[in-house]
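Protein chains in written order, with numbering that gives the first Met the number 0: chain A, 0 to 355; chain B, 0 to 215.
These are calculated hints, taken from the structure and not from any lab test. Treat the hints with caution; some may be incorrect.
To be verified - Think about it this way: if two alpha-carbon atoms lie no more than 27 angstroms apart in a straight line, the pair counts; the simulated DSS-like pairs of lysine-lysine are:
#	chain 1	residue 1	chain 2	residue 2
1	B	K176	A	K248
2	B	K49	B	K24
3	A	K178	A	K313
4	A	K90	B	K53
5	B	K109	B	K6
6	B	K109	B	K49
7	A	K272	A	K178
8	A	K226	A	K298
9	A	K200	A	K2
10	A	K90	B	K49
11	A	K298	A	K313
12	B	K24	A	K200
13	A	K90	A	K125
14	B	K176	A	K138
15	A	K138	A	K248
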Amino acid sequence: MKKLINAVENVLTEQLQGMAAAHPELNISLDPKYITRVGAPFAGKVAIISGGGSGHEPLHGGFVGHGMLTAACPGEVFTSPTPDQMYEAAKAVASDAGVLFIVKNYTGDVLNFETAAEMVHSEGIKVQNVIVDDDVAVKDSLYTAGRRGVGTTVILEKVVGAAAEEGYGLDACADLARKVNSYGRSMGMALTSCIVPAAGKPTFTLAEDEVEIGIGIHGEPGQYREKLRPADAIVETLALEILDDGAYKRTLREWDRENATWVERDVIDEPFKAGDSVIALVNSMGGTPVSELYAVYRKLAELCEARDITIARKLVGPYITSLEMQGFSITLVKADAEILKFWDAPVSTPALRWGV
Amino acid sequence: MSDVITKAQVITWLENCAALLETQKAYLTELDAAIGDGDHGLNMARGFGKVKEKLPSMADASIGSILNTSGMALISSVGGASGPLYGTFFMRASTAVQARQELEPMDLVKLMEQGIEGVVQRGRAEVGEKTMLDALIPALNALKSQLEAGAGLSDALDACVAAAEAGVRSTIPLVAKKGRASYLGERSVGHQDPGATSATLILGLLRDVVKGSGVS
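Put together the whole structure using the sequences plus the hints.
Listed below in structure tokens is the structure:
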């Protein structure tokens with residue numbers, strides 16, 4: 000293992016200490032670990048909190064700031080944060096308007112955030128959980144933990160963060176978040192594995208000429224392995240999986256504040272269709288350079304145009320990574336006027352900044 | 000042995016869990032590496048280490064309070080899916096025994112029923128999905144049916160642990176339907192579930208403590 004590390008057990012703490020030194024606009028707690036916006040709580044505004052295992056930077060800590068997240072809770076590398084982190088972060092930033100948890104669909108994250116929501120609720124703070132599950136590489140939800148939460152998370156945090164900044168209430172923020180998730184689809188691939196510092200060796204191995212199609216952001220197995228093909232052919236495979244994905248139905252849980260219990264709701268994502276406008280994210284898994292991402296974008300734009308799908312906004316770069324893994328993912332989120340308005344709204348965070 | 004479980008035995012059990020999971024750390028982690036993310040042993044050892052740290056301050060507390068504090072310690076230290084699941088088990092179990100200073104055999108049944116119900120609700124899982132429930136539910140059923148048929152606590156706990164062990168073995172041919180292992184689909188067949196394994200180790204230790212101590 001060849002990494003810029005002092006001691007494996009200090010990786011996360013030292014990362015957070017560095018963020019604190021670089022970004023005086025963030026408050027960083029080390030015990031328990033959470034990152035908040037300086038000045039929070041903000042009266043009358045819903046606090047948007049996300050979190051998950053570390054190793055996906057800039058997600059989520061790099062998105063804390065004006066117009067995006069109010070707080071982020073980083074777990075150990077690829078390990079869910081624990082409920083005490085979300086609980087303390089919520090208490091630190093919650094206004095009377097309440098707290099929205101944005102949770103990527105991994106069993107550990109879901110269970111820890113649900114536990115945290117119950118704890119926050121019992122403090123008398125209004126709270127809601129929304130799940131992001133957009134990875135079309137996972138085909139069914141009946142026999143698995145369901146689609147994983149990947150690239151749509153970035154777009155959702157931006158859009159819902161802007162809505163909260165404008166004064167949307169908790170239920171309106173949650174509804175908007177559910178809409179963005181429902182409109183979003185992603186898929187990724189890997190050229191190489193990554194190395195979790197605590198493990199010290201690659202999570203999986205690929206031959207020199209082999210790639211994994213449909214990889215998860217923690218190196219979870221994808222759909223299949225194949226010989227490396229030219230970039231255009233790989234982009235076409237991923238883009239068509241997204242563009243041709245049919246209606247996707249699953250059951251998601253929501254917090255019922257009235258009765259302090261979880262309720263289940265069937266949710267269906269409708270397929271993309273000709274005439275749609277989208278926000279596109281071409282994302283590096285960490286090890287793939289921006290130059291290659293533009294080659295990907297070139298082909299993606301061509302494929303969308305052929306389907307009469309307009310890329311209204313785009314983001315190209317490393318935004319939801321998997322340590323040093325080489326590979327990329329594509330995310331498309333159908334964009335209506337409300338989503339575009341909040342996408343364009345000012346944002347000022349370590350990793351996304353415009354309009355300010 | 001007498002047919003009650005004393006508070007001292009509950010404390011000894013939880014203390015010994017820390018030592019047991021420390022020695023079984025590599026085994027559980029190896030099971031988890033095959034179908035999960037390979038941290039179950041590390042996480043459980045860390046979690047019960049935290050529980051053990053809390054125990055000295057709990058000497059005068061009720062059994063319910065000890066279980067609740069243990070659950071909180073697990074939830075805030077284990078992480079992954081196991082933290083909320085084990086934490087919920089102990090916190091729910093605590094509500095079944097409240098302020099008690101010792102447990103009758105049927106109290107143990109109630110404790111396990113409440114704890115398992117919490118795990119089912121939190122994890123939305125059922126028997127046959129390759130989870131800790133494949134050990135816990137048969138274990139509870141065996142304990143309850145033995146006690147209802149008039150068996151003593153010792154024999155009932157033997158049956159309980161035997162059912163858990165059979166439950167663990169039953170996970171080997173199953174396809175995982177919950178958690179990270181579910182993404183492997185058919186590739187999860189042939190591997191023993193780490194969560195069912197740790198649950199069985201913990202139950203086995205309860206049996207050993209209750210049978211071994213002879214506290215009257």
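Report the numbers of all earlier hints that the structure fails to satisfy, in ascending order.
none
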